[in-house]
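Start from the sequences, fold in the hints, and give me the full structure.
Position one of the sequence shown corresponds to residue 1 (this note's numbering), numbered consecutively onward.
If you are wondering where the hints come from, they were derived from the structure by calculation, not from laboratory data.
Values in this document were obtained by computation on a predicted structure and should not be read as measured data.
Just so it is clear, CB atoms sit at the ideal spot from N, CA and C, and this is done for glycine as well.
Not one of these hints is a red herring.
For lysine to aspartate or glutamate, the following DMTMM-like pairs were computed, each having C-alpha atoms within a straight-line distance of at most 20 Å: (1) Lys173 with Glu225; (2) Lys260 with Glu175; (3) Lys285 with Glu213; (4) Lys173 with Glu258; (5) Lys285 with Asp275; (6) Lys173 with Glu232; (7) Lys285 with Glu118; (8) Lys173 with Glu236; (9) Lys230 with Glu258; (10) Lys173 with Glu256; (11) Lys173 with Glu200; (12) Lys260 with Glu200; (13) Lys260 with Glu199; (14) Lys285 with Asp115; (15) Lys285 with Glu269; (16) Lys173 with Glu261; (17) Lys285 with Glu217; (18) Lys285 with Asp222; (19) Lys173 with Asp231.
FRET-style restraints, in silico, Cβ to Cβ: (20) Glu200 with Glu269: 22 to 28 Å; (21) Met266 with Pro233: 37 to 43 Å; (22) Leu174 with Thr119: 31 to 37 Å; (23) Thr205 with Pro227: 30 to 36 Å; (24) Ala234 with Arg273: 24 to 30 Å; (25) Ser163 with Ile226: 30 to 36 Å; (26) Phe147 with His171: 18 to 24 Å; (27) Pro233 with Leu212: 37 to 43 Å; (28) Asp123 with Pro227: 24 to 30 Å; (29) His224 with Arg122: 18 to 24 Å; (30) Lys260 with Gly214: 36 to 42 Å; (31) Pro233 with Ala287: 33 to 39 Å; (32) Arg107 with Ser163: 35 to 41 Å; (33) Arg281 with Lys260: 22 to 28 Å.
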Amino acid sequence: MAGRCALGRRSGVPLLGHSARVHGLEEHSGRANRRRGLLRGGRHRVRRDRSLRLAGAPHLRIRRSSDDRTSRPLPARPRFLEGRHEPRRWLRALLLAGLLGCSVMDREALVGLLDRYETRHRDEGSTLDRIRALLAEREDAFQRTCFAPGHITSSAWIVSRESGAALFTHHRKLERWLQLGGHADGETDVLASALREAEEESGLTGFRALPLEGGPEILDVDVHEIPARKDEPAHEHHDIRFLLEVSDAQPIVRQERESKEVRWFMPAEVQGRFDEESILRMARKAADWGARFPVGPR
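Structure (structure tokens):
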């Protein structure tokens, strides 16, 4: 027996009924026993295995017998390891708690924003009903491949923190001046999607959603037709729009593949240049919000 004990100590194999200590790491004796199996003659079966690598420790695995495999229950999982394979769940909890200085939005939260928006704009109930129906009926509503009837997009009316000018992009394919925005591509947080598109299409940074207090609010909603193309059928864009502010004291870097030009328009230019009701409606709402949430250095 003494020889066997010495063998166990030399090889790093834990003894039956004892805890295994390897370079300061302690293993429950029950787990050590379950890993132990016997060869004919009472010798221990030991072989190298990469699955149990520990820094500076022998790479060993003890093959257990069938009786030992079923007779000993697994020890309880340490509490600090619970949820270790679900980091996104814990990150989401932190975000929702506001511990990281931002928030996340899911489908249910978006419906809540739409409901609050309706309390301010009762005359847009039919448009809101179409968006809510899409969210309720289509699991893939945030994917650009959802064509029946369409999918969720997000965009932003972007104002200069210094001058109050609005930022527009001259869309290369549509040959129109539009607010910055685009597809959600599966992102249920439509505000995050609008912020991402604003940064990608303008090269600007430091965007802030208005109002700054009380959480995000929707500036405008719009459902419009997108004509058929060779690789996709005609469909609808259910656009959720936010009001963002950013400093114009930084250079614009446009995406040449998607835009011919990105530039600032002063409020008077917007009124004189655009005749599309969707654009003018956002301009009116942004002006109203500007009275309540003045744009400027904070």
